[in-house]
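Visitor: Residue-level listing of the chains:
Number of protein chains: 2
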Amino acid sequence: MRLYELGETGLLRRIESILADREVASALTAEATLVVGIGDDAAAWSVHGSNVSETLTTDTMVDNIHFSNANMSWRDVGWRSMVANLSDIAAMGGVPSLALVTLGLPGSTLVEDVEDVYKGLVDACRAYEVTIAGGDLVTSPTFFISITMSGLQSGEMLLRSSANVGDLVAVTGPLGLSRGGLEVLSRGDTGRDEYAQRLVEAHRHPKPRLPEGRMLVQGGVRAALDVSDGLVGDLKKMMLASNLAANIIAKNVKIDPALNAIYGTSAIDLALNGGEDYELLFAAPYKTIEQIKTVLPHVNIVGEVVAGLPGIVTVKHDQGETIHDGRFGWEHFRQ
Amino acid sequence: MRLYELGETGLLRRIESILADREVASALTAEATLVVGIGDDAAAWSVHGSNVSETLTTDTMVDNIHFSNANMSWRDVGWRSMVANLSDIAAMGGVPSLALVTLGLPGSTLVEDVEDVYKGLVDACRAYEVTIAGGDLVTSPTFFISITMSGLQSGEMLLRSSANVGDLVAVTGPLGLSRGGLEVLSRGDTGRDEYAQRLVEAHRHPKPRLPEGRMLVQGGVRAALDVSDGLVGDLKKMMLASNLAANIIAKNVKIDPALNAIYGTSAIDLALNGGEDYELLFAAPYKTIEQIKTVLPHVNIVGEVVAGLPGIVTVKHDQGETIHDGRFGWEHFRQ
Numbered sequence: 000m001r002l003y004e005l006g007e008t009g010l011l012r013r014i015e016s017i018l019a020d021r022e023v024a025s026a027l028t029a030e031a032t033l034v035v036g037i038g039d040d041a042a043a044w045s046v047h048g049s050n051v052s053e054t055l056t057t058d059t060m061v062d063n064i065h066f067s068n069a070n071m072s073w074r075d076v077g078w079r080s081m082v083a084n085l086s087d088i089a090a091m092g093g094v095p096s097l098a099l100v101t102l103g104l105p106g107s108t109l110v111e112d113v114e115d116v117y118k119g120l121v122d123a124c125r126a127y128e129v130t131i132a133g134g135d136l137v138t139s140p141t142f143f144i145s146i147t148m149s150g151l152q153s154g155e156m157l158l159r160s161s162a163n164v165g166d167l168v169a170v171t172g173p174l175g176l177s178r179g180g181l182e183v184l185s186r187g188d189t190g191r192d193e194y195a196q197r198l199v200e201a202h203r204h205p206k207p208r209l210p211e212g213r214m215l216v217q218g219g220v221r222a223a224l225d226v227s228d229g230l231v232g233d234l235k236k237m238m239l240a241s242n243l244a245a246n247i248i249a250k251n252v253k254i255d256p257a258l259n260a261i262y263g264t265s266a267i268d269l270a271l272n273g274g275e276d277y278e279l280l281f282a283a284p285y286k287t288i289e290q291i292k293t294v295l296p297h298v299n300i301v302g303e304v305v306a307g308l309p310g311i312v313t314v315k316h317d318q319g320e321t322i323h324d325g326r327f328g329w330e331h332f333r334q
Numbered sequence: 000m001r002l003y004e005l006g007e008t009g010l011l012r013r014i015e016s017i018l019a020d021r022e023v024a025s026a027l028t029a030e031a032t033l034v035v036g037i038g039d040d041a042a043a044w045s046v047h048g049s050n051v052s053e054t055l056t057t058d059t060m061v062d063n064i065h066f067s068n069a070n071m072s073w074r075d076v077g078w079r080s081m082v083a084n085l086s087d088i089a090a091m092g093g094v095p096s097l098a099l100v101t102l103g104l105p106g107s108t109l110v111e112d113v114e115d116v117y118k119g120l121v122d123a124c125r126a127y128e129v130t131i132a133g134g135d136l137v138t139s140p141t142f143f144i145s146i147t148m149s150g151l152q153s154g155e156m157l158l159r160s161s162a163n164v165g166d167l168v169a170v171t172g173p174l175g176l177s178r179g180g181l182e183v184l185s186r187g188d189t190g191r192d193e194y195a196q197r198l199v200e201a202h203r204h205p206k207p208r209l210p211e212g213r214m215l216v217q218g219g220v221r222a223a224l225d226v227s228d229g230l231v232g233d234l235k236k237m238m239l240a241s242n243l244a245a246n247i248i249a250k251n252v253k254i255d256p257a258l259n260a261i262y263g264t265s266a267i268d269l270a271l272n273g274g275e276d277y278e279l280l281f282a283a284p285y286k287t288i289e290q291i292k293t294v295l296p297h298v299n300i301v302g303e304v305v306a307g308l309p310g311i312v313t314v315k316h317d318q319g320e321t322i323h324d325g326r327f328g329w330e331h332f333r334q
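Order-wise, the sequence lines are chains A and B. Everything in the first sequence is counted per numbering that gives the first Met the number 0, starting at 0 for the first residue and increasing by one. Everything in the second sequence is counted per numbering that gives the first Met the number 0, starting at 0 for the first residue and increasing by one.
Bound conformation, chain A alone (with noise of 0.2 Å):
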C-alpha cells in the first residue's frame, strides 16, 4: 500500500502499534522520568533531584510543501521554523532553552539564501531568548528545515489530555489571519491596503504565544495546545488526547476586522479552519478563563467539553450544525 492511500492517521496508528510492541525501558528512567511521550506538543521529563521539568519538541518544513519562497523571503521561512517550535513549547506552558538546527540543502543552493533563513532564526532566537545549540547540514535535494527545541519548566504542563467535561473552550486570540494572509498572497494582492498588509504580515511573521503559555498556567490551566492546524482540527486532536467531544459556537468566535473586511461572509471559515496563527486553544472552567481575561484581555471564549464520541467536533452555526469526526484537519500523505 502507498502511503497517499493510507494517510498521516493511519500511518500514526500503525507505528504507534510497532512501538508497543517492544517497548523499551529507557535509561531514563534511572535518572529521570518520563512525564509526557508521543502524543502532545512536545515530550516532557522531569531529572531526579531537581524541581525543574524538561520539554523536548520537533518540527520540520519542507520547500514547496510547508512554505513557498514566492510567499516570503528566505528571512522568514527561519523565523517561521523556529516559531513553530517556540509555539510547541508554548503549549505546554514551558520556557524553551535551546534549539538544534538541521538543514538539507541542495548544492545549487545560493549561500546568500542559507544566510538570509539563519538571520530569520536568529531574529526568533533573539526575540524569544533560545539558544542555537548545534545542529546538522546535509546534502538534499530538496530543502528542508528540521529543528528541535528543548524548554524548561518548574510547575505544571499544559497537556491536551486534561480537558473536563463542562469546561469551556477558548483561544489567546484572533483566528485564520495566517491562511487569510497566504490566500492575499496567492492572489498577489500584497500592497493593496492596510488589511491585506496585516493578514500577509500575521502569515509571514507568526508569533508564538509564549508568556500566554505561562500565564495559562499560572492561571490553574491545565488543557491546551497551539493552533497550527486550524480550530477544528486542533480542538479535535485535544478532544481525542481528552476522551471527550466538543461544541463550536460559530457566532461567538470573534473575527479580526481585517478577515471580515476582506473575506467579509467566508471569514469565519478561515477562522475556523485557518492555521498556523499559533494562537494557543485551551480548555478550562468559565471561571478560571474569566479570571484569565483579566491579564489576557484577548481570550475569545469559542465553544464548551462535552460527554461523547471522542474526539467529535460539533460546530453550531445560527442555521444548523456541522459535525466533524475524528480526522485531523490537514493531513499529510493524502493526494
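Rather than coming from a laboratory, the hints here were simulated on the basis of the structure. Treat the hints with care, as some may be off.
No copy labels: a pair is met if it fits in one copy or bridges any two.
As the list claims (entries may be wrong) - Pairs of lysine to any residue residues, derived as SDA-like cross-links and limited to a Cα-Cα distance of at most 20 Å, are as follows: (1) Lys253 / Asn299; (2) Lys250 / Tyr3; (3) Lys286 / Ile248; (4) Lys118 / Gly36; (5) Lys118 / Arg13.
Fit chain B to the known structure of chain A by using the hints.
Guide: Below, chain B alone, put in the same frame as chain A:
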C-alpha cells in the same frame, strides 16, 4: 555564490559568524547552564540542583546521499540512523535516554517500507535502551530521516577540545570495515565469503560504542569523538577543537583480517579514511590508555598529539609522510 562552490566548512564559518553577531542570553541560564555549545558531538547542559548533565544531538540521513536502499534494507536504514545518534551520545560518554524521530516521506512511499524503517529504529532502541518519545511526519519529495537524541550523564564528559600535547591517539577497535563493506556491496559481492560478509555486516549493522564511552570517562579520558567521517578526518576535527596537531603512525594502525584479505595493500587507505565504523577516537596520556586496555583490549594506539598548526594531521608512512590540512575528510555540498 552556490553552496557547491563554498562547501560545508565555509558555510559553517558563515553561520557561526551570524550566530556570534547576535548572541543572545538563553532562558537556560535561569535554570540550567550550557556546558557545550556548537562544535562538539552534542550540545550539553546541566540543570541547577541536579548533578546530572544532559546532552542533545541530532543526525540526519537523506535517501541516495547517506544511504542507498539498493545496498541495505529499510530496516537497516532505520538501525543505522538511530546508531548515528547513539554514537554521538557515546562520544560524549553519556547514556542515551529519549529519541525524537522525524521522517520526510513522499506520498508514493510503500507503507510497509516505513514500517520496516520503524522496526529498525526500534531494534536499536531495544538494544541500547532508548525510548522514542515523539517526532514529526512530513510530506517531502525526498525520503529523509532526522533523529534527535537526548542523553544523561553524571560525572565528566568527553570533549573534542580536551586533547593535550603529549597525549597518544587511540581508537576503540578496527577501522575501515564499514567502508570496505560498502565497496564489497557496490561490486555485487555480498555472499562471496566469510570476510566479505563480515564487512557487509559492519556496513549494514554498525554498533554504537556506548559501554566503551562510559569506560573511557571512568578511566580518566577527557578527549574523544566518534569515527563517522574517517580516522584522518575526525582526528583533524579533534585537533582543530583542541588547537593542536597530530601524527598518525600508519604501521601502528591495526588492519582487520577481513579488510586485509579482501583489500591487501589498499586496506590501510580504508582504515585511514573510511567512515561510519562508529569506533571512538580518543586522546589521553600513555598510562591512562594502558590502564584502559585492561578493560578494552581492542584499543589500538595509532598516533600522538603534538604542538603545531591547529588541525594539521600528518600520516607517517614508512615510505614518507602525507600531510592533511584542516579541511574535513568528508565535506557536504562539494561537487
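Visitor: Does each hint fit the structure? Answer for all of them.
Guide: Status of each hint after checking the structure:
1. Within a single copy, Lys253 and Asn299 get their C-alpha atoms as close as 7 Å, which meets the 20 Å cut-off; across copies the closest is 70 Å, which misses it.
2. Taking identical chains as interchangeable, the C-alpha atoms of Lys250 and Tyr3 are never at most 20 Å apart, the minima being 36 Å within one chain and 55 Å between chains.
3. Taking the closest pair of Cα atoms, Lys286 and Ile248 come within 20 Å of each other only inside a single copy of the chain (19 Å); across copies the shortest separation is 74 Å, beyond that limit.
4. For a Cα distance limit of 20 Å, the shortest separation of Lys118 from Gly36 across copies, 19 Å, qualifies, whereas the shortest one inside one copy, 32 Å, does not.
5. With identical chains, the CA atoms of Lys118 and Arg13 are at most 20 Å apart between copies only, with a shortest distance of 11 Å across copies and 39 Å within one.
Checked against the numbered hints above, the structure violates only hint 2.
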